[in-house]
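**Q** All chains, full assembly: derive it from the sequences and hints.
Chain residues, written in single-letter form:
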Amino acid sequence: MDKTKGLMEILRHKRVAAVIRFGGLFGLALAVFAMVLLVFGQNPFRAYADIFRATLGSSHGFSEVLVKMIPLVLTALAVAIPSRIWLINVGGEGQLFIGALFATWGAVNFTHLPAWLMLPWICFLGFLGGGLWASISGFMRAKGWASETISTLLMNYVAILLVSFFVFGPWKDPESANYPQSAPFPDAAILPSLLDSRIHLGALIAIAGLLLFYFVMTRTRWGLEMRAMGINQEAARRNGVSTNRYILLLMFIGGGMAGLAGMGEVSAIHGQLRPSLSPGLGYMGFLISWITMGSPLGIVAAAFLISIITAGGDILQMTHRIPAAAIHILMALVLFVVLARSTGKKGGK
Amino acid sequence: MKINPAPLLSFRGITKSFPAVLANDHIDLDIYGGEIHALLGENGAGKSTLMKILYGFYQADGGSILVNGQPVQIRSPHDARGQRIGMVFQDFILIPALTVAENIALFLSDLPFILDNDAIVSRIENISERYSLQVKPEAPVWQLSVGERQKVELLKLLLADARILILDEPTRSLAPHEVIGLFQVLANLRRDGYAVVVITHKMKEVLECADRITVMRRGKIASTLLGAEATENTLVSLMFGKAVAESPQRRGESPPEEGIPFLELKGVSTQPEGTGIGLKEINLTVRPGEIVGVAGVSGNGQRELGDVVLSIEKCARGTKYLGGQDATRWSVAQVRNSGTAFIPEDPLGMAAFPWLSVQENMAMSDVSRYARHGGLSMDWEAVRTDLQASLKRLGFQIPPFYVPLGILSGGNIQRMILAREMAHNPRLIIAFYPTRGLDVQSAVAAREVLLASRDAGAAILLISEDLEELFSLSDRLAVMLRGEIVATSAPRDITVQEIGYLMTGSKGEGAERG
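These protein sequence lines map, in sequence, to chains A and B.
Position 39 of the first sequence, counting from 1, maps to 38 under numbering that gives the first Met the number 0, and the rest follow consecutively.
Position 469 of the second sequence, counting from 1, maps to 468 under numbering that gives the first Met the number 0, and the rest follow consecutively.
Because the hints were derived from the structure by calculation, they are not lab data.
In this text, all values refer to a predicted model and were calculated from it rather than measured experimentally.
Using N, Cα and C, we set each Cβ at its ideal position, and we do this for glycine too.
Treat the hints with caution; some may be incorrect.
With beta-carbon atoms standing in for the labels, derived distance ranges [stated by the list, open to error]: (1) B:A388 x A:A207: 38 to 44 Å; (2) A:R244 x B:D191: 57 to 63 Å; (3) A:G279 x B:S367: 38 to 44 Å; (4) B:L21 x A:R244: 43 to 49 Å; (5) A:R320 x B:Y401: 57 to 63 Å.
One-sided excerpt, in silico: chain B residues whose CB lies under 10 Å from chain A [said to hold, decoys possible]: (6) L309; (7) L347; (8) G348; (9) M349; (10) A350; (11) E359; (12) A362; (13) D365; (14) G405.
**A** In structure tokens, the structure reads:
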């Protein structure tokens with residue numbers, strides 16, 4: 000009697016209830032996707048077991064998940080940072096491309112630099128490229144000329160075409176048999192890998208970015224001013240917070256984060272600039288940031304989940320001959336679950 | 000006056016608690032048809048909470064509501080309207096671009112698919128005639144004055160067939176003669192058996208218009224008494240349970256010291272923005288140790304005047320001096336750091352951050368003062384010390400500092416902002432309606448703060464609609480109308496009536512003064 004009562008009490012406890020609900024909905028998403036797999040004529044249990052083995056079940060698979068997480072965390076930060084003052088940065092993708100473009104310029108034109116100088120140099124360039132690209136939208140927003148939501152989105156296409164222009168044109172590697180790609184990065188410009196895996200230095204940059212973001216928002220005067228602006232811009236202005244400066248600064252820093260993601264991808268993963276640099280990493284980061292409301296731990300968790308799912312897509316394609324795009328069905332189902340969690344909970348802005 | 004034997008509306012044991020506050024503690028209250036019932040109480044006494052429960056914004060923790068003796072469930076404003084309960088909010092919910100008739104039609108539940116504009120107009124005219132609520136149905140709402148908009152809100156409820164009308168602080172932004180008109184309307188409604196509930200803390204008006212008065216104190220009903228039997232003294236002692244400090248006396252007739260004005264505006268004009276109004280050739284000086292009162296019906300440029308001083312709005316023409324320096328192009332931060340305090344008309348909208356904690360709100364007025372290590376950390380100890388000292392000096396209660404400011408009551412938020420702005424002995428205070436929304440005791444305290452600051456040498460620009468307040472505090476008075484200062488005068492050289500006429504731009508006997 001007492002036992003069941005105690006259990007009921009635990010169930011009624013809000014957090015426990017939320018976890019159970021989340022788990023249940025997640026299970027439901029997996030069950031629905033299992034039916035999709037059945038339609039494809041696959042055994043869903045085997046498919047899920049394969050996905051598990053290839054991601055969480057082995058140290059190699061796990062490290063690959065972490066590799067996928069690195070750019071996602073950075074592009075999520077690119078959205079989360081400006082979102083503290085309700086700036087909506089949809090331009091992570093473009094900022095990533097420009098960051099990669101700047102980093103490539105630094106890497107292939109300063110080949111003589113030693114690694115200890117080269118790495119900070121391309122990090123700086125990657126950050127600067129993404130930051131400047133986002134600042135264009137920030138500037139137009141601060142001036143009241145154009146909404147940053149629209150301009151960042153449109154600038155994505157410009158950025159991607161700009162990269163294409165360089166790799167098809169002036170920067171095309173003459174030794175690459177007509178492939179649209181830049182000259183390969185010198186060894187000094189390849190981000191060193193960690194733990195004997197493909198996890199690269201970008202992981203540390205992403206972690207540092209998250210910690211710094213958390214620290215600045217919660218401890219510093221700038222965090223206080225930004226949180227204040229996020230709650231009541233009018234009152235912040237009347238208290239002497241210079242709101243336009245923050246708009247410019249946060250767009251620059253946010254863009255810089257996406258730029259670092261681009262730098263990491265081009266240096267550690269591709270080793271040279273290609274137009275196929277990113278499979279929508281910037282947009283995925285946007286999604287991660289908004290479903291987690293920009294919470295640093297939430298970003299890590301969501302990036303982890305999404306990395307597993309995308310890795311699962313590759314597995315399905317390779318071992319079960321299902322088009323990798325099918326995994327988007329599972330992704331959508333999971334996103335429904337995550338979004339369902341937050342209904343009716345959020346108060347005012 | 001006839002009171003029907005059965006109450007139209009009854010509260011039975013209504014209880015509602017918020018974190019750390021018991022807002023309503025077993026409230027029993029009957030409202031009858033054909034009465035004007037005033038709900039009086041200091042801020043945080045629980046009157047707004049009670050009415051929000053009635054209107055379905057909050058759910059009571061316990062107790063029941065009976066309409067015509069039948070218990071009812073009210074879960075949303077929609078349910079409340081279904082029970083023929085209507086509410087006029089402090090901030091009207093009208094759509095400025097639509098006409099009066101369209102605004103009213105939007106509110107009607109029996110709106111047909113194809114609008115019969117003439118039918119609505121004739122219904123409006125019928126009712127407005129009966130209750131002297133005359134407004135032109137074809138006029139777009141943005142053209143109407145505050146008083147007229149209030150009439151539209153009332154018409155909306157009447158056409159939607161409400162029998163119980165709740166008015167939240169209905170006289171807040173009305174000019175004196177508009178208040179008289181409103182009371183006439185309420186008396187007409189009473190005659191036809193409507194139940195009218197007026198939430199207020201203006202004692203004088205309560206005594207003027209209410210049949211019965213219920214005084215709330217700390218979430219409980221202190222007493223309900225007949226309007227005819229109540230006096231100001233009994234009401235005050237019911238509201239506070241103890242004697243209240245007298246309103247501060249204004250300083251003798253000693254004129255403010257001559258000297259360099261701390262604030263000087265020379266021929267300042269601004270561009271109108273949005274629905275705002277542009278300032279036209281404003282000349283105004285405020286000297287240290289002087290309170291300059293600005294009277295005017297809201298929306299005649301007072302907000303813009305304050306904004307220009309704060310540098311929120313730019314001067315299109317003219318110059319602004321602060322402490323003798325040309326401050327025309329200063330940033331808001333520069334103005335604030337030069338010792339300018341700002342007490343806003345709407346603290347939640349203009350000064351406070353509801354989701355930040357009380358102490359974080361405190362720090363926001365002067366972030367650089369509390370920033371340490373170049374901004375890497377904040378000295379919260381100093382923030383708390385300053386806030387505590389300031390609250391003590393003002394005689395306000397000290398709330399928990401870690402809770403979000405937004406959970407405090409409206410009056411307490413106003414008090415926190417006042418304490419914040421007064422914490423650093425400002426040299427210039429821009430006060431917008433500093434006592435609006437404060438209960439009698441806190442209003443007295445706030446006025447004393449202004450007087451004490453003035454005696455300590457602060458220059459004070461006081462913007463208010465409370466003429467009594469302006470007359471009792473100001474050393475000089477200026478009247479604003481349509482973005483211009485139409486008159487300035489010492490309070491002893493002008494009467495309340497003259498100011499009232501100048502404010503509303505009506506001819507009256509108020510002569511133009513230099």
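**Q** Look at each hint and say if it fits the structure.
**A** Taking the hints in turn, this is what the structure says about them:
no. : hint                        : result
1   : B:A388 x A:A207: 38 to 44 Å : 40 Å, holds
2   : A:R244 x B:D191: 57 to 63 Å : 59 Å, holds
3   : A:G279 x B:S367: 38 to 44 Å : 42 Å, holds
4   : B:L21 x A:R244: 43 to 49 Å  : 44 Å, holds
5   : A:R320 x B:Y401: 57 to 63 Å : 58 Å, holds
6   : L309                        : 7 Å, holds
7   : L347                        : 8 Å, holds
8   : G348                        : 6 Å, holds
9   : M349                        : 6 Å, holds
10  : A350                        : 5 Å, holds
11  : E359                        : 6 Å, holds
12  : A362                        : 6 Å, holds
13  : D365                        : 8 Å, holds
14  : G405                        : 8 Å, holds
The structure agrees with every numbered hint stated previously.
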